[in-house]
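Listed here are the chains, written in short residue letters.
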Amino acid sequence: MDLLSGFGTVLTWENLLYAAIGVTIGTLVGVLPGIGPALTIALLLPVALQLDDPTGTLIMFAGIYAGAMYGGSTTSILLNTPGESASVATSIEGYQMARNGRARSALATAAIGSFVAGTISTILLAFVAAPMARVAVTFRASDYFALAVLAMVTVTAMVGASLVRGLMSLTFGLFLGLIGIDSLTGQARFTFGVPELLDGVDIVTIIVGLFAIGETLFIALRLRDLPAHVTPLEPPGKGFAWLSRSDWSRSWRPWLRGTALGFPFGALPSGGAEIPTFVSYTLEKRRSKHPEEWGNGAIEGVAGPEAANNASFSGVLVPLLTLGIPTSATAAVMLAAFGYFDLAPGPQLFEKSPDLVWGLIASLFIGNVMLLALNLPMIRIWVKVLRIPRPLLYTGILVFATLGVYAVSGSIVDVFIAFTIGVIAVFMRRFEFPIAPVILGVILGPMMEIQFRRALLLADNDLTIFVRRPLTLVLLLLAVAALGLPHLPKLIARIKGRESTERLAFSDED
Amino acid sequence: MDPALPPGAPAASEAEPSASGPLAVGAVLLLTGFTLLWQAVSAAADNGVTLGGPTLAPLVVTGLWVVVAAWYLLEAVRKRVSAPDRLERGAWRTPVLLLVALIVYSVVLKYTVLGYVLATVAFVLVSARLLSTRPWREVIVRDLATAVGLSVGIYLLFTRLLGIVLPAGVLPL
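Top to bottom, those sequences are chains A and B.
Residues in the first sequence are numbered from 1 upward in steps of one, following full-length UniProt numbering.
Residues in the second sequence are numbered from 1 upward in steps of one, following full-length UniProt numbering.
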């Protein structure tokens, strides 16, 4: 079987080392506030290019993505400040558990739940990926165009608090994607007479601006609001792996239900991990036999969302690997990483580079084992990491960010572009424009345009190609429907005859 | 962002979120949108528009920009956009100074012979000072140790192990 040969690929000293480095860095950036997997992968891209080992690099990047999911739970439980947005749901009950002297149980159910979910969802990925790739072979240019539209629209509609602000972010991203020479005709677009812009704006520059510069300047705006109190760990109690018998029996069902939610939500273009984690939180709260504990540290409220969080990561890899369509900011950066190595994710990848694909999938199993070992026994180290003084942490982020842009381009113009985007990002944060749609616009926009023009070329400029092909039409109709998705709770409430201001919407930046 | 209140403005409005913020953002977005749309239209006028050509996408994107920006401005006028909280007076000083420090740092890196290590030590000290709320005497040893460790560490890692060139500058590294 393909997966077995994948294990053959990953079980070399070199690739095991890449996986170990990846999950360690991933946990680190997951623990640290203000720095997430998307930024980390972007900053490591220039270094990775230097190493010139696509398989090892992508194994490392997948490890970073998965590790960030694990590490985020530590911060949300001990600091009540989620290291990344996918851990927001975990922090609600997790922080309460920590305050009640049950930090170790919360950390353990999060870590073991992540391991269970990560393993099961990777098995699902291994089974779904190859058939999905075979289906994807039949996709035409017009289908890819429609898929890109669908992915952009759903993510935009789902993240952030308002559709108009999400669309504005997306439009900004689409505009950034247009800058540079048109790949088909060589015509310069929006270069404003600056020769450095002819090659377009590099994705590393954009991500560094949006996340590193933007986040740090935004933090500088509100220095006094920074929380810094880390809840201390209690001495280890009885039970296996810090979980008592009742903790185990109350955790395993939420783990499985969280996995069942996380994987499909991750695979659908819904913006990654936020939605399944909140759905899991709500589901567990509703099913709970201990309603009185909710709000005071119910273990199910940590177990479910953390499992959903990690399962969604394997789900995100399904459209990324089989179609080349990213559904979260981090997936978009990983897609860019494939591009740097002249690899195109999609159905051909499974035929052309089976070693890479199956090695990557196999590495997720290994990575999960490593993460379990890294997170529970070494928790004291991560608690120390949480105590890094904030001024030095954010200064370090700025130093690495400047270095990253400088190393990838060597040009001061790119550094200044990153600063400009960073200033824009400060205002985006202040006025609550979501960040993730910008990145999806930058990555998916050019892809969408090329597929659109290719489809028209094949159809002799006949626009009906986009409505004649049933698959294309269905995907485009779904995209239109997705615009109404955030209003669904309101509509349901109105049908039921009561007003509700609730919206299905979550923050981004995972 | 936060224009000084006119004299005699009611003190109660201090705590209220500023409503002029979203209006200003909407106006800037719309103006930028029109400028970019104008560029796209001129390019289309010069080269013609075809369905498969390179001038269509700029028209679509900048057109969308204008529409969405107008929509946002309308929402802001109808006060349906949640305005951010008011900041303390002088809150913008720190991010502006930090940005200036970043610009100086990158210019020094590119155009002077100071070199990566010295420039980074200086930048780390300035940035850590700007972001800190504690008196400098308490943290100077910690900051200095971090500045030197980080700069030398990055320099050696990148130039010796990863083969990425960084300016050595005046230090005999």
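By construction, these hints were calculated from the structure, which means they are not laboratory data.
Please note that a few of the clues may not be correct.
In silico DMTMM-like cross-links for lysine to aspartate or glutamate, where the CA-CA straight-line distance does not exceed 20 Å [to be verified]:
| # | chain 1 | residue 1 | chain 2 | residue 2 |
| --- | --- | --- | --- | --- |
| 1 | A | Lys352 | A | Asp52 |
| 2 | A | Lys289 | A | Asp2 |
| 3 | A | Lys384 | A | Glu196 |
| 4 | B | Lys79 | A | Glu196 |
| 5 | A | Lys352 | A | Asp342 |
| 6 | B | Lys110 | A | Glu432 |
To spell it out: a stretch of chain A is covered by chain B in this simulated footprint if at least three of its residues, at any positions, have a beta carbon under 8 Å from a beta carbon of chain B; those stretches are [stated by the list, open to error]:
| # | region |
| --- | --- |
| 7 | 65-79 |
| 8 | 163-171 |
| 9 | 180-192 |
| 10 | 302-312 |
| 11 | 401-410 |
Some chain A residues judged to face chain B by a derived CB distance under 10 Å, without partners named [said to hold, decoys possible]:
| # | residue |
| --- | --- |
| 12 | Leu223 |
| 13 | His229 |
| 14 | Leu233 |
| 15 | Phe240 |
| 16 | Pro446 |
Glycine residues also receive a C-beta, built at the ideal position from the N, C-alpha and C atoms.
Here is what the structure says about each hint:
no.	hint	verdict
1	A:Lys352 to A:Asp52	holds, 18 Å
2	A:Lys289 to A:Asp2	violated, 43 Å
3	A:Lys384 to A:Glu196	violated, 43 Å
4	B:Lys79 to A:Glu196	violated, 41 Å
5	A:Lys352 to A:Asp342	holds, 12 Å
6	B:Lys110 to A:Glu432	violated, 35 Å
7	65-79	violated (count 0)
8	163-171	holds (count 5)
9	180-192	holds (count 6)
10	302-312	violated (count 0)
11	401-410	holds (count 4)
12	Leu223	holds, 6 Å
13	His229	violated, 15 Å
14	Leu233	violated, 24 Å
15	Phe240	violated, 40 Å
16	Pro446	holds, 9 Å
Hints 2, 3, 4, 6, 7, 10, 13, 14, 15 from the list above are not met by this structure, while the remaining hints are.
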